[in-house]
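Residue numbers (my numbering): 127 to 367.
Simulated from the structure, these hints should not be mistaken for laboratory data.
Keep in mind that a hint or two might mislead.
What the hints assert, rightly or not - Beta-carbon label-pair distances, calculated as ranges:
#, residue 1, residue 2, range
1, Lys345, Lys261, 24 to 32 angstroms
2, Pro303, Ala185, 21 to 29 angstroms
3, Asp168, Lys245, 38 to 46 angstroms
4, Ala302, Lys245, 31 to 39 angstroms
5, Glu279, Val206, 44 to 52 angstroms
6, Glu180, Asp230, 23 to 31 angstroms
7, Glu204, Glu287, 39 to 47 angstroms
8, Lys245, Ala316, 45 to 53 angstroms
9, Asp294, Ala184, 18 to 26 angstroms
10, Val322, Lys276, 13 to 21 angstroms
11, Leu282, Val236, 23 to 31 angstroms
12, Arg240, Ser273, 39 to 47 angstroms
13, Glu287, Glu180, 17 to 25 angstroms
All C-beta atoms in this analysis are idealised placements derived from N, C-alpha and C, irrespective of residue type, glycine included.
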Amino acid sequence: MAGHSKWANIQHRKGRQDEKRGKVWTRVIREIMVAARLGGGDLAINPRLRLAVEKAKAANMPADTVKRNIDKATGNLEGVQYEEIRYEGYGIGGAAIIVDTMTDNKVRTVAEVRHAFSKYGGNMGTEGSVAFQFKKVGQLILAPGTSEDKVMEVALEAGAEDVVADEDGAIEVITAPADFEAVKNALEAAGLKPEVAEVTMRPENTIELTGEDAAKMQKLLDVLEDLDDVQDVFHNASLEQ
Numbered sequence: 127m128a129g130h131s132k133w134a135n136i137q138h139r140k141g142r143q144d145e146k147r148g149k150v151w152t153r154v155i156r157e158i159m160v161a162a163r164l165g166g167g168d169l170a171i172n173p174r175l176r177l178a179v180e181k182a183k184a185a186n187m188p189a190d191t192v193k194r195n196i197d198k199a200t201g202n203l204e205g206v207q208y209e210e211i212r213y214e215g216y217g218i219g220g221a222a223i224i225v226d227t228m229t230d231n232k233v234r235t236v237a238e239v240r241h242a243f244s245k246y247g248g249n250m251g252t253e254g255s256v257a258f259q260f261k262k263v264g265q266l267i268l269a270p271g272t273s274e275d276k277v278m279e280v281a282l283e284a285g286a287e288d289v290v291a292d293e294d295g296a297i298e299v300i301t302a303p304a305d306f307e308a309v310k311n312a313l314e315a316a317g318l319k320p321e322v323a324e325v326t327m328r329p330e331n332t333i334e335l336t337g338e339d340a341a342k343m344q345k346l347l348d349v350l351e352d353l354d355d356v357q358d359v360f361h362n363a364s365l366e367q
């Protein structure tokens, strides 16, 4: 099954994350705290926390920083309480956008998200206005040049739902959220290291944007991602600039 090119968008996102290492740490710390508060501080029985700690390691966060924030979230240390809030809206050309935030001040957060949408050509929608266009899945993306046959054999055996070869040679593995960890572990055990490994909101269909429209959409996405309280931005635009 062939899919749209995602590699350029992934490299753009990774490059921006590398430039903003402090922001990445902030996001990971919030994810660790919320995961620990909701599911407890034991990594063995809290898969969401395990994934957050893996992200912390990938961002070269010191182990004592990770432990301190788990302790804060589980009540062993005093800390800020964050809540998760999702916003939905439309970008350029009617493209659907989901903005996931973690905040200790939702009045501030909604004002900042609404301002970003309105200033950069989008419209903030109501709850549920675009979420139906996405499916929550585990997503693992392997670099162009990886053996599709080997990925398919290992991933499907481990319980993946689908393996998609993108136009640029990247290979995308889709799982149910509950099967994500098992499939990721199986791929890594077979020597197949994903460039991206996350539980995400995957669009059911994409909207093609080119030229100026693609540039405007990228600007809107970049501004949303730069907001302090924003954890993730999902969209259904395929951008060709």
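Quiz item: So which hints don't hold here, by number, going up?
Solution: Per hint list: single violation, 11.
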